[in-house]
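So the chains spell out like this:
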Amino acid sequence: MTKQPGRMVYLYLALACFLGIVLIFLFDGYLGIYDSLTASNPSYQQEVPVEQWQNPDRYGGPYGMSIDENGYLDFTYKVANRRFTGYSAEVVVTLTDLNGVKTELLRQTLTAGAFQTGEITWTVQGTDLLPAGTAQTVNPMVNLEIQRGDVARVISLYINRLPITQKVLPAPTG
Amino acid sequence: MKLEYILYAFGTLLCVAGIAYLAAEYVQYLSEWGKIGSLLLTVGLFGFLGKYFERSGL
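So the sequence lines, in the order shown, correspond to chains U and E.
Our numbering puts the first residue of the first sequence at 1, with every later residue one more than the last.
Our numbering puts the first residue of the second sequence at 1, with every later residue one more than the last.
No lab work stands behind these hints, which were simulated from the structure alone.
It cannot be assumed that every hint is accurate.
Covered stretches of chain U, as calculated for chain E (at least 3 residues, CB under 8 Å) [said to hold, decoys possible]:
hint	stretch
1	6-17
2	22-29
3	48-55
Here the structure is a predicted model, which means the values were calculated and not measured.
Note that the Cβ used here is the ideal one computed from N, Cα and C, for glycine as well.
Same shape as in the complex, but just chain E (with noise of 0.2 Å):
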């Protein structure tokens, strides 16, 4: 596998993991608006990078 795409995984997880280390740290309450938003982001992040790496030739 190209080293490309593994240092793709590889920064995705540790953003993806940050962010969950911020939010448990520092969000106190989030609304039903937010966690909705937050929800259809995530699956949007994904979906966008999904398509990016097939567009890419992955």
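So that you can see chain U by itself, here it is in the shape it has in the complex (with noise of 0.2 Å):
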């Protein structure tokens, strides 16, 4: 057979979609502003990925996360600015009971450079969650809201209550 002319053209187009393909994957897949937070304590850690927050509608409502009535979760809240240019903003945290009480824990600025990563930490114990006078079969949930800027995060925070002591029967007798 015998090569045919015009056929670079197709080359040359085959080319374009591969250099279109590397262009998405930076564009769309790389650049912009990625942030994730993790809840630590010595115990275990727990992590928000960073796709739960960008693509809302797969994963479903708000994450959750549990907290021990006792302990503590040191939360660590990380931006990931992948952009030319630096990145600040003011972050607001607070917490919501089931009451709608709204407790601000904290207002920060977070700054990141050109593709650097800012992050901002916070500690919250289990017993400020739980309200006071809460029966021990009830197990409380709070909302946790990260707003930076415009953007707004939510995060479930269940409380473990601890394990509700048996009673003892007596023995019986006769």
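Using the hints, put the two chains back together into the complex; each one sits in its own frame.
This is the structure in structure tokens:
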């Protein structure tokens, strides 16, 4: 078979498609601002992945984390700035209980240089989340909201109660 | 089989493997339009390559 003229056009089109894929991966998949949240204590670590907040429709409702009644969680909120310019935003962290009462935990400016990561840390105590007089059988839940500029992230914090003390039954007589 | 076509196949495989590695390492999140665009361009890439080899007499 002989080589047909004009075949190089198809090679150039294939190369253009390849270049297009690279550009999509670069500008859509890499460049931008990506945030993640990590909560840790001496026993375990919980993490909200970047994909959870980038694609909320796929993952459903707010991400859930648990905290022990007598424990604590060290939160680290990281923002990866994958842009050619610096990034700065005010971050406000609030807790909202089931009655709608809001408590502001933190208000701080987060800055990240070009292609750098900025982070903010805070600690939440389980005892601070438990409303006074809560029955032992009730496992309350609060919403942790992180407001970064006009972006809002919500985490549901479930409070693990201490085990209920079992009653010791008297020994049967007779 | 001609060495030229073997090198073409080898080069194509290397490019695809390289892109796949970079995507796995650095691509954090693709929007729906990004995914559709990547899929269409991939189909186009292999389609045009096939047309090129057809016209080259392979």
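Q: Just pull the numbers of the violated hints for me, sorted ascending.
A: none
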